[in-house]
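Colleague: Here is how the chains run, residue by residue.
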Amino acid sequence: MRTTIYAFFEAIGHFFTSRLDQLGLAARFTGSLLLVLWVAIRRTGLIIRELYFSGVRSLLIIAVSGLFVGMVLAVQGYEVLQRYGSAESLGVIVALSLVRELGPVVTALLFAGRASSAVTAEIGLMRATEQLAAMDMMAVDPLSRVIAPRFLAAVVSMPLLAAIFTTAGIFGAWIIGVQLIGIDDGAFWSQMQASVDVRVDVLGGLLKSVVFGTAVGLISVFEGYFAAPTAEGIASATTRTVVTSSLAVLLLDLVLTIMMFRGLS
Amino acid sequence: MNRSKFDVAVGLFVAIGLLAMVFMALKVGNLASFDNGAGYALEAHFDNIGGLKIRAPVKSAGVVVGRVEAVGLDAETYEAVVRFRIYPNYRFSKDTIASILTSGLLGEQYVGLESGGDPVYLGNGDRLGKTQSAMILEKLISQFLFSKAAETPAKVP
Numbered sequence: 015m016r017t018t019i020y021a022f023f024e025a026i027g028h029f030f031t032s033r034l035d036q037l038g039l040a041a042r043f044t045g046s047l048l049l050v051l052w053v054a055i056r057r058t059g060l061i062i063r064e065l066y067f068s069g070v071r072s073l074l075i076i077a078v079s080g081l082f083v084g085m086v087l088a089v090q091g092y093e094v095l096q097r098y099g100s101a102e103s104l105g106v107i108v109a110l111s112l113v114r115e116l117g118p119v120v121t122a123l124l125f126a127g128r129a130s131s132a133v134t135a136e137i138g139l140m141r142a143t144e145q146l147a148a149m150d151m152m153a154v155d156p157l158s159r160v161i162a163p164r165f166l167a168a169v170v171s172m173p174l175l176a177a178i179f180t181t182a183g184i185f186g187a188w189i190i191g192v193q194l195i196g197i198d199d200g201a202f203w204s205q206m207q208a209s210v211d212v213r214v215d216v217l218g219g220l221l222k223s224v225v226f227g228t229a230v231g232l233i234s235v236f237e238g239y240f241a242a243p244t245a246e247g248i249a250s251a252t253t254r255t256v257v258t259s260s261l262a263v264l265l266l267d268l269v270l271t272i273m274m275f276r277g278l279s
Numbered sequence: 019m020n021r022s023k024f025d026v027a028v029g030l031f032v033a034i035g036l037l038a039m040v041f042m043a044l045k046v047g048n049l050a051s052f053d054n055g056a057g058y059a060l061e062a063h064f065d066n067i068g069g070l071k072i073r074a075p076v077k078s079a080g081v082v083v084g085r086v087e088a089v090g091l092d093a094e095t096y097e098a099v100v101r102f103r104i105y106p107n108y109r110f111s112k113d114t115i116a117s118i119l120t121s122g123l124l125g126e127q128y129v130g131l132e133s134g135g136d137p138v139y140l141g142n143g144d145r146l147g148k149t150q151s152a153m154i155l156e157k158l159i160s161q162f163l164f165s166k167a168a169e170t171p172a173k174v175p
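As given, the protein sequences belong to chains A and B, one line each in that order.
If you're matching positions, the first sequence starts at 15 in this note's numbering and goes up one per residue.
If you're matching positions, the second sequence starts at 19 in this note's numbering and goes up one per residue.
Be aware that one or more of the hints could be misleading.
Here are the simulated SDA-like cross-link-like pairs (lysine to any residue), alpha carbons at most 20 Å apart as the crow flies [said to hold, decoys possible]: (1) B:LYS23 x A:GLY59; (2) B:LYS45 x A:LEU217; (3) B:LYS23 x A:ARG159; (4) B:LYS23 x A:ILE61; (5) B:LYS77 x B:ASN66; (6) B:LYS23 x A:PHE67; (7) B:LYS45 x A:LEU81; (8) B:LYS23 x A:LEU60; (9) B:LYS45 x A:VAL214; (10) B:LYS45 x A:ALA208; (11) B:LYS71 x A:ASP211; (12) B:LYS77 x B:GLY147; (13) B:LYS77 x A:ALA208; (14) B:LYS45 x A:VAL212; (15) B:LYS77 x A:GLU102; (16) B:LYS77 x B:ARG145; (17) B:LYS45 x A:ASP198; (18) B:LYS148 x B:ALA88; (19) B:LYS45 x A:GLU115; (20) B:LYS71 x A:VAL212; (21) B:LYS148 x B:GLY68; (22) B:LYS77 x A:GLY200; (23) B:LYS77 x B:GLY130.
Worth flagging that the hints you see were computed from the coordinates, not collected in a lab.
Using the sequences provided together with the hints, build the complete structure.
Modeller: Encoded structure:
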């Protein structure tokens with residue numbers, strides 16, 4: 015009886031101390047990654063290789079998803095707007111929701127599933143097959159050779175992908191709204207331009223996606239670098255990357271949205 | 019620096035991404051139609067401007083002829099002071115009436131200009147003498163109710 019009670023409190027204590035332990039490890043890892051970032055930036059060949067695998071290979075899913083999200087927004091938005099006789103505002107609704115929220119957030123979620131999971135699995139397998147240890151033996155810092163380029167690729171490709179997602183979405187809304195439903199082309203664009211502010215909305219959205227790229231990139235390399243060197247370890251690290259990244263993106267989005275758009279008009 | 023076989027694909031990716039950003043700035047946002055300070059500023063005092071905001075359009079006969087630049091309160095008369103910039107290719111006579119109108123029932127508010135017949139034109143910094151305030155729905159309703167009440171006096175037994 016006594017041992018079960020002890021075990022219960024031990025489990026509670028272990029839960030919190032292990033979380034704190036993880037957090038400290040993550041902070042130390044981020045610090046050492048920042049220190050080698052300057053060395054890694056100059057090795058553009060490595061970054062371009064990672065940009066190809068993370069960014070270019072995600073292009074299709076991002077563009078197609080954006081197109082369909084924009085189309086769905088147009089159909090749903092028109093359904094409500096035409097009741098109030100202001101179907102021309104469709105462009106405003108679609109553009110604002112895409113530029114401010116859906117573009118950065120959905121792109122980050124898709125990126126976490128499409129690219130970050132692969133990065134975690136790759137680094138985790140490198141760890142499991144002791145390639146990272148071998149690099150260390152050859153006096154090659156795995157942090158600047160393997161980790162930093164993958165992190166930087168996520169930071170760079172996220173805003174580009176978010177912009178592509180948003181553009182594809184607005185194009186999709188234009189196809190549905192203007193081409194199929196028959197909203198006036200000029201009103202669609204001019205109302206959009208009158209309400210979307212370049213500084214607040216467009217730059218704010220891009221800033222969001224840079225923050226998301228940093229978070230998602232950091233989580234994916236961290237989980238891979240410290241994955242248990244077994245098949246199960248890599249599998250659970252990949253899962254954790256997707257889950258933690260998605261939650262982090264949604265939480266950061268709330269914080270950033272409150273910071274940027276509250277008290278604005 | 020070594021050439022990499024990924025250069026072309028990554029270059030294309032970055033180019034498409036940057037193009038998308040330019041598209042967002044120019045076609046979706048209003049960077050292209052940014053007022054570059056051209057035109058002349060006018061000023062008008064209103065009793066009430068309703069929900070007029072900065073960058074709201076100034077229209078004449080439905081055509082956008084300028085933008086609202088600043089909204090303030092006159093500390094002495096407690097009137098709203100609206101300053102707006104008219105595009106340089108439009109001229110308005112001295113007795114132009116400015117009113118605050120709403121596009122549609124629930125649409126955005128804008129400043130409407132109705133030109134008069136005065137041969138003298140307004141210049142930079144001039145103040146419009148005749149203005150008409152925003153229509154406040156609550157006031158209209160209460161006026162309507164009061165006039166109804168006045169028409170049919172309650173029967174006193």
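Colleague: Now look at each hint and say whether the structure bears it out.
Modeller: Consistency of the hints with the structure:
1. B:LYS23 x A:GLY59: Measuring from Cα to Cα gives roughly 10 Å; hence the hint holds.
2. B:LYS45 x A:LEU217: Holds, at about 14 Å.
3. B:LYS23 x A:ARG159: With a Cα-Cα distance of about 19 Å, the restraint between LYS23 of chain B and ARG159 of chain A holds, given a limit of 20 Å.
4. B:LYS23 x A:ILE61: Distance of about 13 Å is within 20 Å: holds.
5. B:LYS77 x B:ASN66: Answer holds: LYS77 of chain B to ASN66 of chain B is near 18 Å, not above 20 Å.
6. B:LYS23 x A:PHE67: Roughly 12 Å separates the two Cα atoms, so the pair holds.
7. B:LYS45 x A:LEU81: holds (17 Å)
8. B:LYS23 x A:LEU60: holds (12 Å)
9. B:LYS45 x A:VAL214: The given pair, whose Cα atoms are some 15 Å apart, holds under the 20 Å limit.
10. B:LYS45 x A:ALA208: holds (11 Å)
11. B:LYS71 x A:ASP211: holds (14 Å)
12. B:LYS77 x B:GLY147: Distance of about 18 Å is within 20 Å: holds.
13. B:LYS77 x A:ALA208: holds (14 Å)
14. B:LYS45 x A:VAL212: Given pair LYS45 of chain B, VAL212 of chain A holds - Cα atoms ~10 Å apart, limit 20 Å.
15. B:LYS77 x A:GLU102: Between LYS77 of chain B and GLU102 of chain A the Cα gap is close to 18 Å, so the pair holds against 20 Å.
16. B:LYS77 x B:ARG145: holds (17 Å)
17. B:LYS45 x A:ASP198: holds (16 Å)
18. B:LYS148 x B:ALA88: holds (19 Å)
19. B:LYS45 x A:GLU115: holds (18 Å)
20. B:LYS71 x A:VAL212: The hint holds at about 17 Å.
21. B:LYS148 x B:GLY68: holds (17 Å)
22. B:LYS77 x A:GLY200: holds (17 Å)
23. B:LYS77 x B:GLY130: holds (5 Å)
Of the numbered hints given earlier, the model fails none.
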